[in-house]
Amino acid sequence: VRLTGAWDAAFAALAEDLREARARDQQTGRGDLARAAARLNADIPGFRSLLPATARRVANAEGPPREAVLAAAPEWGEIETWGAIRRAAGPVTDFNLLAALDLKRDATGALTQVGGEQAIFRGILLRTLWISALVTLACLLLGYPLAWLLATAPPRWAPVLLAGVLLPFWTSLIVRTAAWIVLLQREGVVNAALLNAGLIASPMQLLFNRGAVVLAMVHILLPFMVLPLYASIRGIDPRLPRAAMSLGAAPWRAFLRVSLPLTLPGIGAGCLLVFIQALGFYVTPALLGGPNDQMVAYFVGFYANRAVNWGMAAALSLILLATVGLVVALYGRLVGFQRVRVAA
Amino acid sequence: MTAARAALWAFGVLVIAFLLAPIAVMVPLSFSAGAFLYYPLPGLSLRWYQDFFASEFWLGSLRNSLAVGGAAAALAWAGVAHWWAVVPPFALLLFASALLIPTATAAALTPFPAAAGSASSLMGAIGFTAGALVSTLLGAAFDGTARPMATTAALAGIGAFAFHRLFFHGKA
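Protein chains in written order, with my numbering: chain A, 242 to 585; chain B, 464 to 635.
FYI, nobody ran anything at the bench for these hints, they're computed from the structure.
Take the hints with a grain of salt, since some may be wrong.
To be verified - Pulled a few chain B residues facing chain A out of the computed Cβ check, cut under 7 Å:
1) LEU471
2) PHE474
3) GLY475
4) VAL478
5) ILE479
6) LEU482
7) LEU483
8) PRO485
9) ILE486
10) VAL488
As the list claims (entries may be wrong) - Computed Cβ-Cβ distance ranges for the label pairs, DEER-style:
11) A:PRO286 <-> B:VAL476: 52 to 60 Å
12) B:LEU600 <-> A:ARG475: 38 to 46 Å
13) A:PRO444 <-> B:LEU600: 49 to 57 Å
14) A:ASP335 <-> B:GLY594: 23 to 31 Å
Backbone N, C-alpha and C define an ideal beta-carbon position, used for all residues, glycine too.
Please work from the sequences and hints to get the whole structure.
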């Protein structure tokens, strides 16, 4: 009986609040009701129309508030509808942060998984990590031999080669991304060359897929891998591998056991620089990727610019930032920041 | 030259070709007679350069970015409410930063190869933190004009210059 009384009070309060908000909106044109409805709609789709419709019908209704509200919209008979209001009540909420991890609170406040088509964010985060890892690995495999060549080339050629690495470094990211469109589009340079060589019969779809995104990201981030590697290879004392070889090690063995371990800090630095920057990539996947190649930054942009849901954009940014922090902490754990002392 | 050395050269030159090819592809396109980023070129022409040098829009910005430079803050404070008081100086600023920052990063890493990892994450952290602080201050000082932005940029530049004079002058 007491519970029924509490519910009656809740319905009465809702009806009263809705009437008041509607009257105020009509007087001042502020649109508070629409703002509240938009926020609740982010929690339960359908609230955008449910709240104004209930307010409109309740405004002219007679009789006990509970019956009036339920007659206006039967959704108010479900506990989840009230749960959305409770979740949006305070000045502080974990709603967006949980949503960015495909979690939500039910009406009792317990954590539950978001189901079905709304559960996308964990997949996007994993995809972002996966693309970044792929790009980092490709940069390392391409960059290490190049850095070795730069560090050991004769003085006549070293500046020329270094200029070849630095020139794209100084070119705008957008220009380089656009250049990949020119190369990879259906009538692009690569397709034309393959057609002329007779290797393919019809143009291939090279753009708007994962391969194009990874290729362009490797192109853009490669200098960030090469430069720290170059610095650490230059730092090797040439007497050490020479000593290994004079003691009988084959050149490849001297490289694997002496030179490569000495360049580990450079490998760590390059991988960290490339991976962290890759995590935040936005323009390149947006221009070269398909719908399944977009990374977290794209959704930050989407929520900030198009959906005008800044809470969600901020929550996604925070999760991206936390991921970067985690990667840096992991690096400190595995490679160690104590090398600062070694150098000093 | 050993076989391994030759393979290293071949691989390195291929990777540099990969780095330069997209830029090489873009340069001839600026001479294209067509309006799309498309090969083969429908014809060679200087129309885009002509557009650039004939247009008050582009030429104005070019001239101003060459002439106005560091006067951004002064112009903004003087209340010049024209876009060219803001855009070209900032274009110059961003252009200069784009040239400076990667080079500075590489230069700063070179003497400390053993600490490169810590140094690069430290630089990233400082960049992030400074960005967060400056944008917070900017947001607080925002008055609907470009003044806070221009002032901050000018102060940061003066600060960097003073820092250099104080600590590094004659030592580098």
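Cross-check of the supplied hints:
| no. | hint | result |
| --- | --- | --- |
| 1 | LEU471 | holds (5 Å) |
| 2 | PHE474 | holds (5 Å) |
| 3 | GLY475 | holds (4 Å) |
| 4 | VAL478 | holds (5 Å) |
| 5 | ILE479 | holds (4 Å) |
| 6 | LEU482 | holds (5 Å) |
| 7 | LEU483 | holds (6 Å) |
| 8 | PRO485 | holds (3 Å) |
| 9 | ILE486 | holds (6 Å) |
| 10 | VAL488 | holds (5 Å) |
| 11 | A:PRO286 <-> B:VAL476: 52 to 60 Å | holds (56 Å) |
| 12 | B:LEU600 <-> A:ARG475: 38 to 46 Å | holds (40 Å) |
| 13 | A:PRO444 <-> B:LEU600: 49 to 57 Å | holds (52 Å) |
| 14 | A:ASP335 <-> B:GLY594: 23 to 31 Å | holds (26 Å) |
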